[in-house]
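**Q** Residue numbers (this note's numbering), protein chains in the order written: chain A, 1 to 164; chain B, 1 to 773; chain C, 1 to 285.
Be aware that a few hints might be false.
As the list claims (entries may be wrong) - Here are the in silico distance ranges between beta carbons for each label pair:
(1) Ile10(B) x Asp55(A): 28 to 38 Å
(2) Glu765(B) x Leu41(C): 32 to 42 Å
(3) Asp255(C) x Gln161(B): 34 to 44 Å
(4) Gly232(C) x Val134(B): 56 to 66 Å
What the hints assert, rightly or not - No farther apart than 27 Å at their CA atoms in a straight line, the calculated lysine-lysine pairs in the DSS-like style are these:
(5) Lys767(B) x Lys237(C)
(6) Lys767(B) x Lys257(C)
(7) Lys759(B) x Lys252(C)
(8) Lys171(C) x Lys767(B)
(9) Lys261(C) x Lys759(B)
(10) Lys62(C) x Lys770(B)
Simulated from the structure, these hints should not be mistaken for laboratory data. Glycine included, C-beta positions come from ideal geometry on N, C-alpha and C.
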Amino acid sequence: MGAVHISTTINGDTVEYICRPDESLLDVLRDRLGMTGSKEGCGTGDCGACSVTIDGRLVCSCLVLGAEAGGHEIETIEGMADGDKLHPLQQSFLEHAALQCGICTPGFLIAARSLLERNPDPTETEVRYWLAGNLCRCTGYDKIVRAVMDTAKDMKKKGRRNAA
Amino acid sequence: MPLDTKPNVIPTTFKTVGTRPVRPDGVDKVTGRARFGADMQAPGMLVGRVLRSPHAHARIVKIDTSKAEALPGVKAVITSKDMPAQEGCDMDVLTNVMARDKALYDGHAVAAVAAVDAAVARKALKLIKVDYKVLPHVTDVDEAMKPDAPILHAHIEHEYQQDLLETAGHVKGKKERTLPKGKRPSNIAGRYEFGHGDIKKGFAEADVIVEHEFTTEATHQGYIEPHACLASVSSDGWAEMWVCTQGHFMVRDVCAKLLGLDVSRLRVTASEIGGGFGGKTTVFIEPVALALSRKAGKPVKIVMSREEVFRATGPTSSASMKVKIGAKRDGTFTAADAILKFQGGAFPGSPVEMGAMCAFACYDLRNVRIIGYDVVTNRPKQAAYRAPGAPMAAFAVEACVGELSEKLKMDAIDIRLKNAAKEGTVSSYGPTFGPVGLVETLQAAKAHKNYKVKLGPNQGRGVASGFWFNFGGQTCTTLNLNSDGTLGLAVGTPDIGGSRASMCLMAAEELGIAYDDVRTIVADTGSLGYNDISEGSRVTFSSGLATINAARDCKKKLCQRAAMIWGIPEEAVEWKDGHARPAGANAGNFEPLSIKELAAKASGTGGPIAGHFEVNADGAGPSFATHVVDVEVDPETGAMKVLRYLVVQDAGKAIHPDYVEGQFQGGAVQGIGWVLNEEYIYGADGRLQNPGFLDYRIPVCSDVPMIDTVIVEVPNPGHPYGVRGVGETSIVPPLAAVANAVSAAMGVRATTLPMSPPKVLAALENKMRKAAD
Amino acid sequence: MRYEAPDTIKAAVGVLSKARGTSRILAGGTDLLVQMRSGMLEPDLIVDIKKIPGMFDITSEKGGYRIGAAVSGAELGEHPKVRKFWPGVVEAVELIGSTQIQGRATMVGNLCNASPAADSVPALITAGAVARVVGPKRARNVPVEEIAIAPGKTSLKKGEFVASIFLPKPKARSGEAYLRFIPRTEMDIAVVGAGVSLTLNAKGKCTDARVALGAVGPRAIVVDKAAAALIGTTVDKATLDKLAEICSAAAKPIDDKRGTKAFRIKVAGVLARRAAAIALKRAKG
């Protein structure tokens, strides 16, 4: 099988790799690049634990081929914090105890950030439907939804303060 | 064993316990830094893959691995020949891990390979040639109990005629005289009976009797992280393993036994675990990875696919049950009887015994009997799933209680209050209860605003109570004082729900220091004595108890050091508010010494200071709960929507309330999935039809509302702070609570789970047809 | 397995025509990669069409819209005009999978995967959508209902693929809707799907209609009898009840792990009625 040589951008850094045509982007991230923050929960796009963004678009990395990533901008959980400064969503998840085992957390954070970028003031229903592609078995979703909505409120307040 | 002779006096006020700080492993988990089972690598690592039977029941005539072994890049191929039976090993576990003469379920492991990469491993599996002789199979529990069912194990026998006298007709469709005489090979692997009193007399005294048959389907724990491990066996017989598990000491002991290794030669490290709920309390791929590594001479990593997780790990039992409860007009129960039939997959060990013990545990009953049957079928070997056996039994019992409350026109909570188990109640399974909190949960549920919400058309409210024993078990912890005055706490129970935060809180509370000055790790098997599995809701209780006692040990030693520094006797020093102080004016006028100061002086006063505690803990107190749920049904499609959900549960003492609430909410939503949509679907060919998250439907975020919680605290005298485990009870009431709510909304009682829309719609149409007649 | 990413339609057609063994088009990949992963499919060649100019375009054409084969559900949903014209089509496409799936899955891919339960198909049919098929011969226009011929099989010949779908300009006083039944609130394959489009005259009488059912047969069923029942009426309750009856009778479902025959037959009627009611509301403006 002919290997594919890809050059892409991950979390702002230029990255090059070689992969088989049938390898998923998730396989590449985890096994070739050592970026194990994105998780495989199902491999079929049903659980969202592998969520990343491609050119700002939320996707399941298990359903993207490594070969398709060339020339795009990929954001993973490893790039969510700014150095040692956590993203407000990451901080909010900790304060709300919105994680128990933590395996689904990277996927939820990537998905939630994508939501707030598009809809800074979502209703509870909008949050729940946007996150329906992220499965959690530990929390029953309650504290996750609260964390996302409180972050939206906080970010709105900060935005107003900055604008004033 | 308590360290001092004072009786356990539970504090009524706490400084750190009961607060909600951020957990110590939190930052790693929100940044993706935390390492789970599949996140570890080793130099020269091989990829391991398992070949699995496509047949539900088949004799393995021959396995030809020659072509796979010859494929370039393949470093080892194994079958059961490479895993010979060892003396004293559990043959059921060994056979489940790798089939011997028969494949017993669709997905049963028959061979495995280790290769340089996944592509070669996949190819190698295809080159293994297995000659199967397909046999008739059975997957349904009632079918499997019949004397003419396909038999899985020739050595399991049952006496039908003897048994039938007490449980006439329990083998559906068979009349007494047609059942065979004497013992014969059977799929009925065990029979259990509990109870007391005289149920015949009790039913005779009843004004109303409710009796129903119920069935529930098998469900899976549904943890998002598939099983994964990395095993490395070196040529001198020393081995290491990195694995996501609820019990790394169990993994060490079981794998060592199965592979013929000394326990001390295998060191197991527990990774972070992405969910377990009981499904990771046994071994599946771990012995295989070790066997492959031993043969290949290189580290081997095995990660299960989601399909493998569904087909070949341990779902819980499907059940066929009959429950009968009799009551007086004033709501007092006079008798209760239950027959529970659980299939536990291809080997004995379904949780029917525990289900039978839990079934009527919420009630004070003079006359009660429960009989349970453990049945084998051609399905994967079951594993524990959160309060194993209890949710199914509670579904049946609480549905009958719900119907009784309707028939007697009594409030659903009042009828339970009337019969509730209390301190001093002789439980239906034998022991007498100490202080318990069922009544408190019922009262809190009744007083909650959710109970007062007025319902609209097609809406219904359901109530159910539940119970779980909770366990203690073998536990060792060590608490080390660092030179800067901070503490390193090592526990041996994998953190499956945020327990590290609770351990830090308890250690900080006991020593009177800041939460941030304690750091908890889960140590590997080489660093601590034996610790039982993180199961049975035992961690906050047992590791907590051990942590508190290790802290007391530490305090004693700190006081000794202070006494040495001050030149006064040990007994003259006490520990208060994080400092060693002279105990009383006579002891001397010395400035109190903080833990930091004592730590700095440690090397000069005798060396490093540590506390430790080893115990086989008992005194775990049961946790009772009451759930209230409101549901709306679409009468044209049978679709159901959960509008409101309330969990009220007794935690004894909530060490970290956020994580106690989290257990309440998580268990409730698993229960919602179980009652609405989750089920194992088998085809006529005995193959699992839905081994994936697409068609095995767990609740998604938009399926459920916020889960309201109330923590009741009736302290457990068996724990220094009154802790009761909470992790399991929360999944026990939801099945009946939701089923009762749907029944209230539709006017038809649901007796089979899951209550998927086609079933609900059919029941509604049936009801309308009956009304029209 | 070979992976090719040609940069023109001609090059793509060339590669597909010459290929031996199994070939598949890769646009969103949300069906293809799942099938590859399950072992159901082991293609010898994958042709990624996302580098071909125009594949991501949504262009206005003859008052309607042409949607390129690589336009994802998310992008379609963000386009303000298409949703205004054909809210039912956009809603149907947006029902496919999760937010993550929407980030990649395409309407064209959903059509060409030819699942009997495809969510976009009944809505596309009732909108009168037309697929543009490119291949070794001259490009041709094919009504979408002629693309899928059996579960997993299309009418496309070797070397052909669908480059875009054309949604015609909706008539005045028209409305359409698509509804589906799933056991949860999200993430499931449709157990039953129903699409209805209708046009009213100035007096509020229905002059034109189309009804299509999904997931109740090997491919979407166009129920001409149901459409006929709507035409000439004001779509009152009696008409809606009749519509439900006809649709239930037209449904030819199977029992499977997602639903029973009896359930699908009943709910086909219920959903058709509800979809028609929404379409009526939208037509009235």
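**Q** Evaluate each hint against the coordinates.
**A** We went through each hint and held it up to the structure:
Under the hint 28 to 38 Å, the C-beta atoms of Ile10(B) and Asp55(A), about 58 Å apart, miss the expected range. Taking the beta carbon of each, Glu765(B) and Leu41(C) are about 40 Å apart, inside 32 to 42 Å as hinted. In this structure the supplied range 34 to 44 Å holds for Asp255(C) paired with Gln161(B), their Cβ-Cβ distance being about 39 Å. Our hint of 56 to 66 Å for Gly232(C) and Val134(B) holds, since their Cβ atoms are close to 60 Å apart.
Taken as a hint, the Lys767(B) and Lys237(C) pair is honoured in the structure, with Cα atoms around 25 Å apart against an allowance of 27 Å. Between the alpha carbons of Lys767(B) and Lys257(C) the distance comes to roughly 25 Å, so the proposed pair stays at or under 27 Å and holds. Proximity of Lys759(B) to Lys252(C) is assessed by CA-CA distance (about 20 Å); at most 27 Å being required, the pair is judged to hold. Pair hint Lys171(C) plus Lys767(B) does not hold up; C-alpha atoms about 45 Å apart against a cutoff of 27 Å.
The hinted pair formed by Lys261(C) and Lys759(B) meets the criterion: a straight-line CA distance of about 12 Å does not exceed 27 Å. With a C-alpha separation of about 57 Å, the suggested pair Lys62(C) and Lys770(B) falls outside the 27 Å cut-off, and the hint is violated.
In summary, the structure is inconsistent with hints 1, 8 and 10 from the numbered list given earlier, while agreeing with the others.
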